[in-house]
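Protein chains in written order, with numbering that gives the first Met the number 0: chain A, 0 to 368; chain B, 0 to 151; chain C, 0 to 195.
Just to be clear, a hint being listed does not mean it is correct.
[Said to hold, decoys possible] Under the rule of at most 27 Å between Cα atoms (straight-line distance), these lysine-lysine pairs were calculated in the DSSO-like manner:
hint: 1; chain 1: B; residue 1: Lys108; chain 2: B; residue 2: Lys44
hint: 2; chain 1: A; residue 1: Lys3; chain 2: A; residue 2: Lys48
hint: 3; chain 1: A; residue 1: Lys223; chain 2: B; residue 2: Lys11
hint: 4; chain 1: C; residue 1: Lys128; chain 2: B; residue 2: Lys5
hint: 5; chain 1: B; residue 1: Lys132; chain 2: A; residue 2: Lys177
hint: 6; chain 1: A; residue 1: Lys114; chain 2: A; residue 2: Lys161
hint: 7; chain 1: A; residue 1: Lys3; chain 2: A; residue 2: Lys146
hint: 8; chain 1: B; residue 1: Lys5; chain 2: A; residue 2: Lys78
hint: 9; chain 1: B; residue 1: Lys132; chain 2: A; residue 2: Lys114
hint: 10; chain 1: A; residue 1: Lys112; chain 2: B; residue 2: Lys14
hint: 11; chain 1: A; residue 1: Lys48; chain 2: B; residue 2: Lys11
hint: 12; chain 1: A; residue 1: Lys98; chain 2: C; residue 2: Lys37
hint: 13; chain 1: B; residue 1: Lys108; chain 2: A; residue 2: Lys112
hint: 14; chain 1: A; residue 1: Lys98; chain 2: A; residue 2: Lys48
hint: 15; chain 1: A; residue 1: Lys78; chain 2: B; residue 2: Lys11
hint: 16; chain 1: A; residue 1: Lys98; chain 2: A; residue 2: Lys78
hint: 17; chain 1: A; residue 1: Lys3; chain 2: A; residue 2: Lys61
hint: 18; chain 1: A; residue 1: Lys78; chain 2: A; residue 2: Lys278
hint: 19; chain 1: A; residue 1: Lys177; chain 2: B; residue 2: Lys11
hint: 20; chain 1: A; residue 1: Lys48; chain 2: A; residue 2: Lys278
hint: 21; chain 1: A; residue 1: Lys61; chain 2: A; residue 2: Lys112
hint: 22; chain 1: A; residue 1: Lys43; chain 2: A; residue 2: Lys61
hint: 23; chain 1: B; residue 1: Lys108; chain 2: A; residue 2: Lys114
hint: 24; chain 1: A; residue 1: Lys61; chain 2: A; residue 2: Lys278
hint: 25; chain 1: A; residue 1: Lys114; chain 2: C; residue 2: Lys128
hint: 26; chain 1: A; residue 1: Lys223; chain 2: B; residue 2: Lys14
hint: 27; chain 1: A; residue 1: Lys177; chain 2: B; residue 2: Lys44
hint: 28; chain 1: B; residue 1: Lys44; chain 2: A; residue 2: Lys112
hint: 29; chain 1: C; residue 1: Lys128; chain 2: A; residue 2: Lys98
hint: 30; chain 1: C; residue 1: Lys34; chain 2: B; residue 2: Lys5
hint: 31; chain 1: A; residue 1: Lys3; chain 2: C; residue 2: Lys128
hint: 32; chain 1: A; residue 1: Lys177; chain 2: B; residue 2: Lys111
hint: 33; chain 1: A; residue 1: Lys112; chain 2: C; residue 2: Lys37
These aren't lab readings, by the way, just hints derived from the structure by calculation.
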Amino acid sequence: MITKILIATLSMAGISGLLAIILVIAERYLANYGECKITINNQKDLIVKGGSTLLSTLNSQKIFLPSACGGRGTCAYCKCKVIDGVGPLLPTEEPLLNKQEIENQIRLACQVKVKQDMLIEIPEELFNIKEFETRVTLIQDLTHDIKLVRLQLIEPYEIFFKAGQYVQLITAPYAGVKESVSRAYSVASASHEHDHVDLMIRLVPEGICTTWVHNYLNENERVKIIGPMGDFYLRDGEGEIIMVAGGSGMAPIVSLLEKISKEDIERKVTYFFGAVRKKDLFYIDEMRNLENEIGNFTFIPALSAPEPEDNWDGETGLITEPLDRYLSRSDNATSQAYLCGSPGMINACINVFVKHGITRDRIFNDPFA
Amino acid sequence: MKLTPKEQIIEKNFKLGAITKDGFMGDDVRHVHDIIQHDAMTLEKLGISSGELAARMQFFIDLGKEAIENIVDWNEYTIQVIWSRGMLPCPFGEPRLHHKIFIELRNNKLNKSIRYTQLNVHLIREHGFFEGKGSPFRLEPEELVEVLSLDQ
Amino acid sequence: MEGLSPWVIFFASIFTGNILLVYFLGMCSFLSVSKQVKTSLGLGLAVVFVLTITSALNYIVYYYILEPLNIEYLRYIAFIIVIASVVQLLEMIIERISETLYINLGIFLPLITVNCAILGVSLFMVIRKYTFIQSVLFGAGSGIGWMLAILAMAGIRARLNEQKIPPALRGPGIALIISGIMAMAFIGFSGIVQIQ
Chain A
0 MITKILIATL SMAGISGLLA IILVIAERYL ANYGECKITI NNQKDLIVKG
50 GSTLLSTLNS QKIFLPSACG GRGTCAYCKC KVIDGVGPLL PTEEPLLNKQ
100 EIENQIRLAC QVKVKQDMLI EIPEELFNIK EFETRVTLIQ DLTHDIKLVR
150 LQLIEPYEIF FKAGQYVQLI TAPYAGVKES VSRAYSVASA SHEHDHVDLM
200 IRLVPEGICT TWVHNYLNEN ERVKIIGPMG DFYLRDGEGE IIMVAGGSGM
250 APIVSLLEKI SKEDIERKVT YFFGAVRKKD LFYIDEMRNL ENEIGNFTFI
300 PALSAPEPED NWDGETGLIT EPLDRYLSRS DNATSQAYLC GSPGMINACI
350 NVFVKHGITR DRIFNDPFA
Chain B
0 MKLTPKEQII EKNFKLGAIT KDGFMGDDVR HVHDIIQHDA MTLEKLGISS
50 GELAARMQFF IDLGKEAIEN IVDWNEYTIQ VIWSRGMLPC PFGEPRLHHK
100 IFIELRNNKL NKSIRYTQLN VHLIREHGFF EGKGSPFRLE PEELVEVLSL
150 DQ
Chain C
0 MEGLSPWVIF FASIFTGNIL LVYFLGMCSF LSVSKQVKTS LGLGLAVVFV
50 LTITSALNYI VYYYILEPLN IEYLRYIAFI IVIASVVQLL EMIIERISET
100 LYINLGIFLP LITVNCAILG VSLFMVIRKY TFIQSVLFGA GSGIGWMLAI
150 LAMAGIRARL NEQKIPPALR GPGIALIISG IMAMAFIGFS GIVQIQ
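Produce the complete structure using the sequences and hints provided.
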C-alpha cells in the first residue's frame, strides 16, 4: 500500500518536475531578449536590456518622451518614429494613430517593446529634457486657490528653456496615494533665470497632484521635475502680441512678458486677464511694474461677476467681451494671439480671434487643453 | 483567481492615486460588477435609462461650460462649472481621454445640490458605473434622478 | 483500433467526429473568440499546435509511465499538467513571435489549458486504444476540425453584425443557435466514415 502511494506520488512529482525544468529553460531562452542596441536619430547608440517597453527603456536611459497617461496607451503623447526593429502595429496602438502616421512608421513608445536592435527617430529638443532634483524654497498663496511654488534646482543646477514651456512635476506618495504621478505645469519664472523655476498651481477639485501641492508639500522638501517641454513660446513677428489668460494660466504669460522686457522686444503687447471676483485676481502689482518696463504694454484685467464690496471700476463681463471690443477697434492683420487658461476659456477666445481675422496659424495656446 | 486582462486594468486603475486621488471604489467592498448591477436595478425601478441620465448631466455641463466658471441660473437650477486643464483616462481602459470638467449643481426647489465630473457622465453613459459607496464622486441614482428632475 | 489507417482517423476527426460540432467540446472559447476571423485563426492554430503536441506527450506519459506503474487512475492529473505546461510554452512562443496575436488572444491563450477539447482528445485517445501514430494524427485532426469550426463561425458572425437580430438573441444566443445548425450540417458528413 505504502509503496503504491509512494510510486504514484514520485511519478507525478517526476513528470511535473521534468516539465517545470523544460519551462524554466524555455523561459531563459524565449523570454530573454538579451542586450539590444537602440540607435536614435542615427547618432546616438544606447545599449539596453530588452523586454520592456520603449518608453520605460528610454526613461531609464534618461531620455524622456512626453507622456501624460503613464504608459496606459491613452494619451498618445509618446509617439515616435520607429524605422527598424519592431513588429507590426499593435491593436492597442491602432485607435490612436491616423493613417498618415501609420505610413510614416510612427508608433506609441509605451506599447512597443524592445526585443531586438532598434532604429528610432525622436525630435532633437527631447534630448534637452532632463530630470531635475529640486528643493522647494517658497510656497506662497496667490489667491484663495492658487499657490506659487518656487523650486531651486540642485542637480542639474541649471535649466535652459524657452519662455512659455512647461515642466512635469512628480509627486511623492501621500495619504492613501501610494504611487507617484506626474503633472504638467507652465514655468512662470523668467527664462534668463536658470537656477530656479516658479510654478503657479491651482487647486483642482479632488486633483491628485494639486491636492498634494496645496495640502501636503512643505518648504525645504525635495521634489523632482522633468522638462522643459512644449511648443508654446514667443514666435517671431512684427505685429501686436495679444495675450489672454485666466487663473493659473497667468504662469507662462509672466514668463513671456519677462522675456519681452529683458530682450527689449519692441512690439505692442496687450494682456487680458479674466477672473470672476476680485479675490481671483493676483500679480496686479507685478503687471503694473511690467507696464513701466515694457515700452508698449497694456494690462487689462476683467472681472465677470465682481462682488459689490470689490469696488471694481475696470472691465466687466466674460473675458471674451472686452477682447471682442478691443479687437473690433484694432488692426489685426499681423497680430499674434497667445492663450493660456481653462479649455473653455481658450475655445471661447479662439472663436473671437478667428471672427476678427486672426487666423488659426497665428493663435498659440498651451498644450494641456 | 485569475483576472481577465480587462479586469486587471480596472483593478489597477481603480486604486487610490492611479487616475483620481481617492480611486473609484471608496470603502465599497463589493465587486465592480455587483455595483454596476445593483445601480442598474435601481435605475430600472425608477424607469430611467443610463443614457437619458447621462444626457441630462451633459446638458448641464454644456450649459455651465459657456460661462467660464461663472455661476449660471437656469430655471430652478444654479450651476457652476470648473474646467481644469489636463485630461483623465477612463478607468475601464478605453483609449479615450476625458476633460477635467467639474460641475456643482444646485436644485433650488428641492434645496439639494450634487457635484459630478465629465468622467462621471462617461462612466454612467458607457459603463453604467456610479462609483463605489464612499468615493468622493459616488452618485446615488435616486438622488441624481431627483435633483435632475427626471422623475416627473 | 489497430486496423484503422491513421489517415482515416485524421479525416474522420476533422469532419465526421468534429470535436466541437459533434462532441460539443471546447465551446467556451469557440463562442467568445469567434468574433473576428483573424483572431479565430490564431486561436485555431494555437489549438492545433497544443492538441498535436499534447496527444503525443500524453501518449508517452500514459503508455510508458502511468500504465507500467499501474497508476492509470492518475491520468486526469497527469494529462492536465502536460497540457498546462505546453500552453505556457506556447504563450512564450507567441509573445516572442507575434505581439499582435498575443494581445488579441488575451486571456483565451492561457484558457486553452482548461479547454475541455484538449483533455477530451487525450482521454478519447486512451479509451479508443489508438497507437502512437493514430493518436498524433487524431490530435492534429481534432485541432484542425476545431479550427475549421471556429473559422466558419467567425465568418458567419462577421456577417451577422449587419443583420437584424432580435435583441434578446444578440451575442451568445444567436451564436449557440448557429452552432446548432452547423452541427446538424456536419451530420451530413457522417456517411463518409465512422469512427468511435
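Status of the hints after comparison with the structure:
no.	hint	verdict
1	Lys108/B to Lys44/B	holds (24 Å)
2	Lys3/A to Lys48/A	violated (49 Å)
3	Lys223/A to Lys11/B	holds (24 Å)
4	Lys128/C to Lys5/B	violated (42 Å)
5	Lys132/B to Lys177/A	holds (21 Å)
6	Lys114/A to Lys161/A	violated (36 Å)
7	Lys3/A to Lys146/A	violated (77 Å)
8	Lys5/B to Lys78/A	holds (24 Å)
9	Lys132/B to Lys114/A	violated (44 Å)
10	Lys112/A to Lys14/B	holds (26 Å)
11	Lys48/A to Lys11/B	holds (26 Å)
12	Lys98/A to Lys37/C	holds (21 Å)
13	Lys108/B to Lys112/A	violated (57 Å)
14	Lys98/A to Lys48/A	violated (32 Å)
15	Lys78/A to Lys11/B	holds (24 Å)
16	Lys98/A to Lys78/A	holds (14 Å)
17	Lys3/A to Lys61/A	violated (61 Å)
18	Lys78/A to Lys278/A	violated (41 Å)
19	Lys177/A to Lys11/B	holds (12 Å)
20	Lys48/A to Lys278/A	violated (54 Å)
21	Lys61/A to Lys112/A	holds (17 Å)
22	Lys43/A to Lys61/A	holds (13 Å)
23	Lys108/B to Lys114/A	violated (63 Å)
24	Lys61/A to Lys278/A	violated (42 Å)
25	Lys114/A to Lys128/C	violated (45 Å)
26	Lys223/A to Lys14/B	holds (23 Å)
27	Lys177/A to Lys44/B	violated (39 Å)
28	Lys44/B to Lys112/A	violated (48 Å)
29	Lys128/C to Lys98/A	violated (56 Å)
30	Lys34/C to Lys5/B	holds (17 Å)
31	Lys3/A to Lys128/C	holds (25 Å)
32	Lys177/A to Lys111/B	violated (34 Å)
33	Lys112/A to Lys37/C	holds (22 Å)
In the structure shown, a violation is registered for the earlier hints numbered 2, 4, 6, 7, 9, 13, 14, 17, 18, 20, 23, 24, 25, 27, 28, 29, 32, in ascending order.
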